[in-house]
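Undergrad: So you can see what is in the structure, the chains are spelled out below.
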Amino acid sequence: MFEPKFFWHGADYNFEQWLDYPNVLTRDIELMKAARCNVMSIGIFSWAMLEPVEGEYEFGWMDGLMDRLAENEIGAILATPSAAKPAWMSQSYPEIRLVDEYGRRHPHHLRHNHCPTSPIYRQKVRQINTLLAERYRDHPALMMWHVSNEYGNQNCRCELCLQAFREWLQMRYGSLDAVNKAWWTAFWSHRYTDWSQIEPVDPSVHGLMLDWMRFVSDQVLDFYLAEKEPLQEITPNVPVTTNFMWPNVGLDYWTFASHVDVISWDSYPRWHSEIEDWRLAADTAFFHDLHRSYQQRPFLLMESTPSVTNWQGVSRPKRPGMHVLASLQAVAHGANSVQYFQWRQSRGGAEKFHGAVVSHAGREQTRTFQEVTAVGELLARLGPVLESVNQADVAIIYDLQNEWALDMAQLPRNKDKNYQERCLAHYRQFWQQGVTVDIINSNFTEFSNYKLVVAPMLYLLQEGVAEWLCEYVQAGGTLVTTYLTGVVNQSDLVFMGGSPGPLKDLLGIWVEETDVLFDHHQQTIQLTNKTLSGANYPVKHYADIVHSQGAEVFAVYEQDFYAGSPAITVNQFGKGRAYYLAARYDDGFLTDFYGWLAKMLGLKTAIVHPLPRGVTAQVRTKDTEKFIFLLNFEPIPQTIKLDVPAAVDALSEQVITDAFTIAGYGFRILKLARGIV
Amino acid sequence: MFEPKFFWHGADYNFEQWLDYPNVLTRDIELMKAARCNVMSIGIFSWAMLEPVEGEYEFGWMDGLMDRLAENEIGAILATPSAAKPAWMSQSYPEIRLVDEYGRRHPHHLRHNHCPTSPIYRQKVRQINTLLAERYRDHPALMMWHVSNEYGNQNCRCELCLQAFREWLQMRYGSLDAVNKAWWTAFWSHRYTDWSQIEPVDPSVHGLMLDWMRFVSDQVLDFYLAEKEPLQEITPNVPVTTNFMWPNVGLDYWTFASHVDVISWDSYPRWHSEIEDWRLAADTAFFHDLHRSYQQRPFLLMESTPSVTNWQGVSRPKRPGMHVLASLQAVAHGANSVQYFQWRQSRGGAEKFHGAVVSHAGREQTRTFQEVTAVGELLARLGPVLESVNQADVAIIYDLQNEWALDMAQLPRNKDKNYQERCLAHYRQFWQQGVTVDIINSNFTEFSNYKLVVAPMLYLLQEGVAEWLCEYVQAGGTLVTTYLTGVVNQSDLVFMGGSPGPLKDLLGIWVEETDVLFDHHQQTIQLTNKTLSGANYPVKHYADIVHSQGAEVFAVYEQDFYAGSPAITVNQFGKGRAYYLAARYDDGFLTDFYGWLAKMLGLKTAIVHPLPRGVTAQVRTKDTEKFIFLLNFEPIPQTIKLDVPAAVDALSEQVITDAFTIAGYGFRILKLARGIV
Amino acid sequence: MFEPKFFWHGADYNFEQWLDYPNVLTRDIELMKAARCNVMSIGIFSWAMLEPVEGEYEFGWMDGLMDRLAENEIGAILATPSAAKPAWMSQSYPEIRLVDEYGRRHPHHLRHNHCPTSPIYRQKVRQINTLLAERYRDHPALMMWHVSNEYGNQNCRCELCLQAFREWLQMRYGSLDAVNKAWWTAFWSHRYTDWSQIEPVDPSVHGLMLDWMRFVSDQVLDFYLAEKEPLQEITPNVPVTTNFMWPNVGLDYWTFASHVDVISWDSYPRWHSEIEDWRLAADTAFFHDLHRSYQQRPFLLMESTPSVTNWQGVSRPKRPGMHVLASLQAVAHGANSVQYFQWRQSRGGAEKFHGAVVSHAGREQTRTFQEVTAVGELLARLGPVLESVNQADVAIIYDLQNEWALDMAQLPRNKDKNYQERCLAHYRQFWQQGVTVDIINSNFTEFSNYKLVVAPMLYLLQEGVAEWLCEYVQAGGTLVTTYLTGVVNQSDLVFMGGSPGPLKDLLGIWVEETDVLFDHHQQTIQLTNKTLSGANYPVKHYADIVHSQGAEVFAVYEQDFYAGSPAITVNQFGKGRAYYLAARYDDGFLTDFYGWLAKMLGLKTAIVHPLPRGVTAQVRTKDTEKFIFLLNFEPIPQTIKLDVPAAVDALSEQVITDAFTIAGYGFRILKLARGIV
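Protein chains in written order, with the numbering used here: chain Y, 366 to 1042; chain F, 366 to 1042; chain V, 366 to 1042.
Heads up, a few of these hints could be off.
As the list makes no split between identical chains, a pair holds if one copy fits it or if it spans any two.
Stated by the list, open to error - Calculated lysine to aspartate or glutamate pairs in the EDC-like style (CA-CA distance at most 16 angstroms, straight line): (1) Lys969 - Asp884; (2) Lys780 - Glu639; (3) Lys987 - Asp1008; (4) Lys869 - Glu768; (5) Lys546 - Asp385; (6) Lys398 - Glu742; (7) Lys987 - Glu768; (8) Lys780 - Asp626; (9) Lys964 - Glu836; (10) Lys964 - Asp758; (11) Lys782 - Asp870.
Read the hints as simulated data drawn from the structure, not as lab findings.
Please take these sequences and the hints and turn them into a complete structure.
TA: Below, the structure written as structure tokens:
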């Protein structure tokens, strides 16, 4: 486990693109100092420049770069170059290129398209990684390993991968008979009689396709572990990471997470776009919290853009203030670094118009450069925040394998399943209240600290999950779950007896059928007591028709043939309570519901007074004090009322005793002695 | 030809999925009795369970199932398993898997993807079919053969299929020169000089592609006939069917129809969706009538869902009453069975969330189970209806080869050709009036019983069709046809002299050009006399500019440069009359027009009084009495006025003398002595 | 260089489709005379009819056709048949069929899908072309060669093409090191170490893909030159053309243009569709002007439809008058012919419903035939116009390689780059004023005649372009350019220092960043002096944030954080001025701006009085007189005021002294002595 000694500020520096430009390095170092950068990620796509001919190496330029960084007290996050192989390698060893679902071997193009199983490719990677580690093991610039880049779903169908998949299945199931049962292969006459018949080409056998996705994720992890091995051997004291992405790339990051020394990720929200900034801010907060939760520790923001991207259709320059605000947001949710892609804009290739700290203009007199510098200065002043952590009363379950299975499910309503979007909707309610949330996997077991666990649409129950949810509520916890929960087991087989499967006792209900609604259909609910102030909350998309078997009816439907039947139930189970939201509700309901629940359960909030729309408050705590980050994602100034008699502005050390205003896209960091509020 | 002795009620029972569940069969038989089921379709996808290893058979479970069904007086509709081949067979005999248009042989996946020509696959199918027939030839449960399942367009491009296609062409055309002429191959230098040059890969040679579609249809029929051969030899007294689908699957069901002992089909309307239920009901009625018309005899409803589907994007549970109503609708239009897919919901695979009689919950205390039971009880009480038939005054031509040719045609307006939709629009007018309609193929020749034949958009005239249409009108019949009629011959060659080709004399017109309208363009028509009450009927999409050569002008255009020219003509021809609707009109016009025409021609209606919107009346007649099915497809109650002094409620035997009300999604069946009304 | 002696009027005559119809030729000749046709394009797709078996020829039918045309004084534009190869050739020589991006060799189908490199195909083409040239060298009907048909982007990836590409690169760059630098291959580790590694399969290496597009264009040109060689040798006095299309087919027609004796093109505007006719007319005018500008000489309209097309989704018949108007429009912009696709409608194949002079009805009593005849008669009376030319004060740069590079560019806003559409928008302003415009390539150097050069979005600056633009302005010219100009060099490498690259001094600005706007964002500009009458002109999509370095600020932004910064600048440079439109403006602004600029620069207009909307005036000039074509593209009559005391109607020879009216879709041609106005 790794913790930085100061906030990191830096960027991807693809210096290999500038070897023909003699003055660039000197100029760049000068600009890096000006922008208060202290780390650079280097060498990410440099294999062709390090090993231009098989077995012949050119480390000279890298030596020079490392030396110059060290001389200037800039740390190097040194990458292994496996994300893009040289052309000569693709040509000499065709078997390292992945085979797609049509059986076509990819040409040499783009990046990230190697076979994750190929022994030759693994050997080549081990070789270059070993050379790098041996060469720079004692170099003062070396701060961390950046293994490869943005691993994705290397969905290769070559014979080697298929063979590895069959071995993976043999490990998982033992016998072919067990596979046939788990995958329900009697359906459409799919029973396998020999392992060699198994190919991941059948969208009608959901168990097969789900296991294939798991296998690919495991195989990429295995590739990563092979990459890491020589690094750990040669430089046991240098921490190792690899940069994660948004969680929809086909990897189960929950498994991956325990194999890196620190989580790092690349965050690219599209500010100022079709959705309001404050909603995007809440979504982005979810992903920051997710990355903090992978290891329940602070993380690194390995990439973000200092201005625009060039691959999102339309990407607007960040308005003044937004870059500092977005960078601070990462810190507020647990980041101990702010890093960019990239330092200097390329002259050619597909990413040449991606924003960079140093633009094509090559000047420091740009708004972007000035705002990056402002972040650097700010981070330098936030030293005391570094050892603080985020502490949550609430956990939301976001299970990636559940997402894969749900995406694949053929339901009466297939449109708008929106699993991730629903997790974000539940999350948003807490963000607006300034309540810290952890995002957890369904098989996470250290739940005793949470007052509330929310599990939207937990369709697939992995082994043990029903048990721990029961234990958690039994012991006094509160669980909120929804329609489409407890439907299938880990093999995507429906539970006998129907949903909510093994959660029937916990929830005290059974589901008879599910109404699905078109957009023009109307359904509303009414609360059985006046707990919440609103009325006639609308229903969308899904509405379970539920029978209580002991649960109390919290709300009923108002329309259609199932009017009067339960729309929300709550079941006392042991010392705790379990809520079932039988239908899909919008933000209006969720805000009221979670506002009420937060009060009921006494959830910790950063600021008790309601926050204006678009302002959130996030807390990082350490032994003696805590820091409240107040972030305003609206373009207009907003006023905040204090809950406490006095707080200290963490930057100016000024004492605040009154309401104060935060500028549009502005922020304020308060420091309080721990225990206040 | 086969006729059941009682109304059949049942479902697909995929028992092979439950062999590991010891109590399921007993429980299922108990539930089948409860739901008043008397037939089950079995073994449809069971090849891998019957022949797990090549040449090694496991019939034990099937024996047990057949015995239990027989003991409980439930008939078996026994399937041949060719729709899904075992994995070992795909592996050992790759040539049985179809080759797609890119020359790729399909992997083993999904279902229905065998080569229809492969001698090996045909031999394997003959083998298993022979074994099934020999084993169960005298089994008391065996009621009917269900050959394969939902044959589709097995569009295989392997060398064997290409060779078979060339032989098919040699049979059809005799010489290559005849092929070149029929396909107009001088266009773009496409002339063939050797049979081996012919491949179905050229979208620019429409004659070629149309013949390829015909060949594929014929080849699938040939495959079916080969499947059927051993069954007929071994069990000459057991009727044979195969389940049809909506007619857009690339098979010419009109040809297929004469080779089954009874028509059966799978009907999956999407109730409660984007279009109003009553419109969908009219469309569904068309398809039921189509399936009755294939053989001009009652048919079986082989599949329907008892609740929802899971493959239609959004499929809403049927509202209370709808299941009974939809089932009765099939009966009203000539079905002698109501059957479901499927009996028990699967635990795994792509169809596990498709509705079933027994849901995952496994209980009879569900709305679905109760409504299925209600259908069972109703069918038991409808015995007297069984021998009745539907008799039509009106026929609508719906020619599938015409649809293929039209779909392929490159017209000045290619958007919204909508051939099937237009047939439905014309049909809907009769459905609303309670006028029985047959749907016929263009080459159907027993037309003398019809007072009216409607032929929308009969673009392609097969050999002889022009002649019989002339004969029909000559002898006193009335024909209504439209724009885009009589354009090409059976080879998709335009008639010399332009459209309406050989129908020019019959219609008394020639078409100079065709205006095509965007949605924002306006055109209307005016009737030359006040025959219809409406005015300024609007025109959409297509408007022929027509010259009369003897026809009377029934309506003229009102706008644009061709204002005043004929929009509708009618030509006296022999003892009959032929109408030409030169443009596309909407329901407003069609309702007025067909209302007027029905009166003019004295078409039989079930109820003379106008029916409320959404209510239809369909009649089944036998020697001494007739049954009027009054079906209300609106969710609200509606009142029906009687035309006759008294009628008998066929279920309650109560005498009705007054107007009465039918509940929302409700029905009433009246019994009248034949000759009344 | 070739100039016809009279206006040509004719069509594609695909007589090879009618060899089995004995009376067609006689009838067609009769109709051609009736329609005043004097040329026919023949033999375009006739290879299979000329050489049905390899090495066996059937020229008899072609001899007969040529003789009959000559007897009737109808000229033959004789095609070489390479656009569609015979089936036997595809079968015997598979290597002549192109290989697509997935490595699949095309089957024999469609047309235009040969490999442009294949030595065998080139040899076969040379053989047939030689035979045609030798046979008809002295035939009196032979007027011109029509080489192949609508060459397109023969994007073949076979080994021969890849090899030819590598040789093309060696010629262009000399060394692999130069390639690596030009393509910035250090990006994503793409450095090539052997020529054989280069394949055009990498969308991330923009330089590679741009060079591939250039190579394909050059290779098709090379194929054309090989086709032309025997024709030139055998018939040195017969002019050679090939028919161009809209410029988006992947060929750089600017290069092609110098290799034909006369430009000819196929124009298919979709009249009466979603956009107003007058806007479409302006767009069509642009393309006519483009084709005139390719050689700065009159051109031929080789194809147009006499009524509808059948490949444009919805293609409406031309309203009365429109056919004559559209034909005259071509003449007004420099066409010396009006020709059609096609003479007689085919009976079969994909184009059988494309409009033709002789429709399937086969009669002359059709509106289409009559309007075609009217064009024939009109052209016969326009003899004096033949030697006149169009003279322009204004040039718009439309660079096809710039379009390719822009299409490929990954920008912060990728939606709606709309390069061609923007060129059309600037053009439209001049069209409305009756100002003649040339369309030029960016490397066109004979610019001294232009008072104004407009260069929208000139993203890529080919070698020398910056220099000549500077020279042009230095010498007194006026330049208008926009955002996204001067960004990359000819290898798609961004200019060091950012945009506008080498145009910084000329424009007196530098661009710091570019705001991109969603449709819901608002930005407007305000003029710094009251030059234009309008206010608050809106901005869309792109808005550069610009710093003046000497340029005068002509307008500033009004909103957002960059309010007050320059939105339009103008820089005095030498004797001229250079405008920079920093953002995308709509027609409202462009109309005001170019109206003002036209007055400032004293641009020649055909008619000084403002023209009514939808009416344009185009001028063809010769020694002593000039012809003003007044064309009304609105369906309503419009009144024109004369600028001169008197003019002569070129058709009626009537003297006009007053305002006059032009009918809807009507026209008037005025004749003035040169020098008037």
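Undergrad: Each hint should be assessed against the structure and marked as holding or not.
TA: Status of each hint after checking the structure:
{"no.": "1", "hint": "Lys969 - Asp884", "in the structure": "neither (37 angstroms within a copy, 41 angstroms between copies)"}
{"no.": "2", "hint": "Lys780 - Glu639", "in the structure": "between (21 angstroms within a copy, 14 angstroms between copies)"}
{"no.": "3", "hint": "Lys987 - Asp1008", "in the structure": "neither (20 angstroms within a copy, 86 angstroms between copies)"}
{"no.": "4", "hint": "Lys869 - Glu768", "in the structure": "neither (22 angstroms within a copy, 52 angstroms between copies)"}
{"no.": "5", "hint": "Lys546 - Asp385", "in the structure": "between (62 angstroms within a copy, 9 angstroms between copies)"}
{"no.": "6", "hint": "Lys398 - Glu742", "in the structure": "within (11 angstroms within a copy, 80 angstroms between copies)"}
{"no.": "7", "hint": "Lys987 - Glu768", "in the structure": "neither (35 angstroms within a copy, 57 angstroms between copies)"}
{"no.": "8", "hint": "Lys780 - Asp626", "in the structure": "neither (39 angstroms within a copy, 40 angstroms between copies)"}
{"no.": "9", "hint": "Lys964 - Glu836", "in the structure": "neither (24 angstroms within a copy, 75 angstroms between copies)"}
{"no.": "10", "hint": "Lys964 - Asp758", "in the structure": "within (13 angstroms within a copy, 73 angstroms between copies)"}
{"no.": "11", "hint": "Lys782 - Asp870", "in the structure": "neither (26 angstroms within a copy, 56 angstroms between copies)"}
Checked against the numbered hints given earlier, the structure breaks hints 1, 3, 4, 7, 8, 9 and 11 and satisfies all the rest.
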